[in-house]
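Chemist: Residues per chain are reported as follows:
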Amino acid sequence: DAGITQSPRHKVTETGTPVTLRCHQTENHRYMYWYRQDPGHGLRLIHYSYGVKDTDKGEVSDGYSVSRSKTEDFLLTLESATSSQTSVYFCAISESRSAGPYNEQFFGPGTRLTVL
Amino acid sequence: KQEVTQIPAALSVPEGENLVLNCSFTDSAIYNLQWFRQDPGKGLTSLLLIQSSQREQTSGRLNASLDKSSGRSTLYIAASQPGDSATYLCAVFNDYKLSFGAGTTVTVRA
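Protein sequence lines, in the order shown, are assigned to chains A and G. If you're matching positions, the first sequence starts at 1 in the numbering used here and goes up one per residue. If you're matching positions, the second sequence starts at 1001 in the numbering used here and goes up one per residue.
It should be emphasised that the hints constitute simulated quantities derived from the structure, not laboratory data. Treat the hints with caution; some may be incorrect.
[As the list claims (entries may be wrong)] Simulated DEER-style distance windows between Cβ atoms:
| no. | chain 1 | residue 1 | chain 2 | residue 2 | range |
| --- | --- | --- | --- | --- | --- |
| 1 | A | Gly-16 | G | Gly-1016 | 51 to 57 Å |
| 2 | G | Ala-1078 | A | Ser-65 | 28 to 34 Å |
| 3 | A | Ser-80 | G | Glu-1017 | 31 to 37 Å |
| 4 | G | Asp-1067 | A | Pro-18 | 45 to 51 Å |
| 5 | A | Glu-95 | G | Ser-1070 | 28 to 34 Å |
| 6 | G | Ala-1078 | A | Arg-112 | 17 to 23 Å |
| 7 | G | Ser-1028 | A | Thr-13 | 24 to 30 Å |
[To be verified] Subject to a maximum C-alpha distance of 27 Å in a straight line, what follows is the list of computed DSS-like cross-link-like pairs (lysine-lysine):
| no. | chain 1 | residue 1 | chain 2 | residue 2 |
| --- | --- | --- | --- | --- |
| 8 | A | Lys-57 | G | Lys-1001 |
| 9 | A | Lys-11 | G | Lys-1042 |
| 10 | G | Lys-1001 | A | Lys-70 |
Even glycine gets a Cβ: it sits at the ideal position worked out from N, Cα and C.
With the hints as constraints, model all of the structure from the sequences given.
Modeler: This is the structure we're talking about:
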């Protein structure tokens, strides 16, 4: 299994509070992603990173920010959590290679976030 | 916008039967297609990745085909077992991201 951990694994918070989720990898992969998974919407990309300090928005980025100061860590921050951000959040990693699988993504175990 | 559809949404088969899961996508300009398995309350496990230049990929009892021009992929699971019960997700990579289907939930009856 790819070395990806997410913390915390479960969190309950209140509307309006800031929340930070952490993704840590031991694979030294260049690309890291944050997704959310919701019933009826499937998995959707929030933000992704293509290197240290290099990040870009996905399809559902409003209300979220990210930071990547080291190759191994990718942080997702909800500046002021809302009930609509109750979801399961997954981190994923990948590497692009000139030979071999192009951008195969590996997922972490997920963080279940509840915003009351 | 890439749209990925998986049919059927759910499937129940007796043990030993072969499984056929379908995935279709609207934009054929993809780099690759990836099949995942997800168990309840768990993360996604990568099963197979097919590069855009490939027609199929095999791993053990799993075989996935890709017809990029028609926007279709099929995942075959031979001789199904109760342990194969899970949700199977198809995802295509283009325009810097993976786009996922809603999944097919498979139940294999002992």
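Chemist: Give a verdict on every hint.
Modeler: Evaluated hints:
Our hint of 51 to 57 Å for Gly-16 (chain A) and Gly-1016 (chain G) holds, since their Cβ atoms are close to 54 Å apart. A hinted range of 28 to 34 Å for the beta carbons of Ala-1078 (chain G) and Ser-65 (chain A) is inconsistent with their spacing of about 46 Å. Under the hint 31 to 37 Å, the C-beta atoms of Ser-80 (chain A) and Glu-1017 (chain G), about 50 Å apart, miss the expected range. The hinted range of 45 to 51 Å is satisfied by Asp-1067 (chain G) and Pro-18 (chain A), whose Cβ atoms lie roughly 47 Å apart.
Taking the beta carbon of each, Glu-95 (chain A) and Ser-1070 (chain G) are about 30 Å apart, inside 28 to 34 Å as hinted. Under the hint 17 to 23 Å, the C-beta atoms of Ala-1078 (chain G) and Arg-112 (chain A), about 34 Å apart, miss the expected range. About 42 Å separates the C-beta atoms of Ser-1028 (chain G) and Thr-13 (chain A), a value inconsistent with the hinted range of 24 to 30 Å. About 15 Å separates the Cα atoms of Lys-57 (chain A) and Lys-1001 (chain G), which keeps this hinted pair within 27 Å; it holds.
Distance hint between Lys-11 (chain A) and Lys-1042 (chain G) is fulfilled; the C-alpha atoms sit about 16 Å from each other, no more than 27 Å. For the given pair, Lys-1001 (chain G) sits about 32 Å from Lys-70 (chain A) by alpha-carbon distance, which is inconsistent with the 27 Å threshold.
Consistency note: the structure conflicts with the earlier hints numbered 2, 3, 6, 7, 10.
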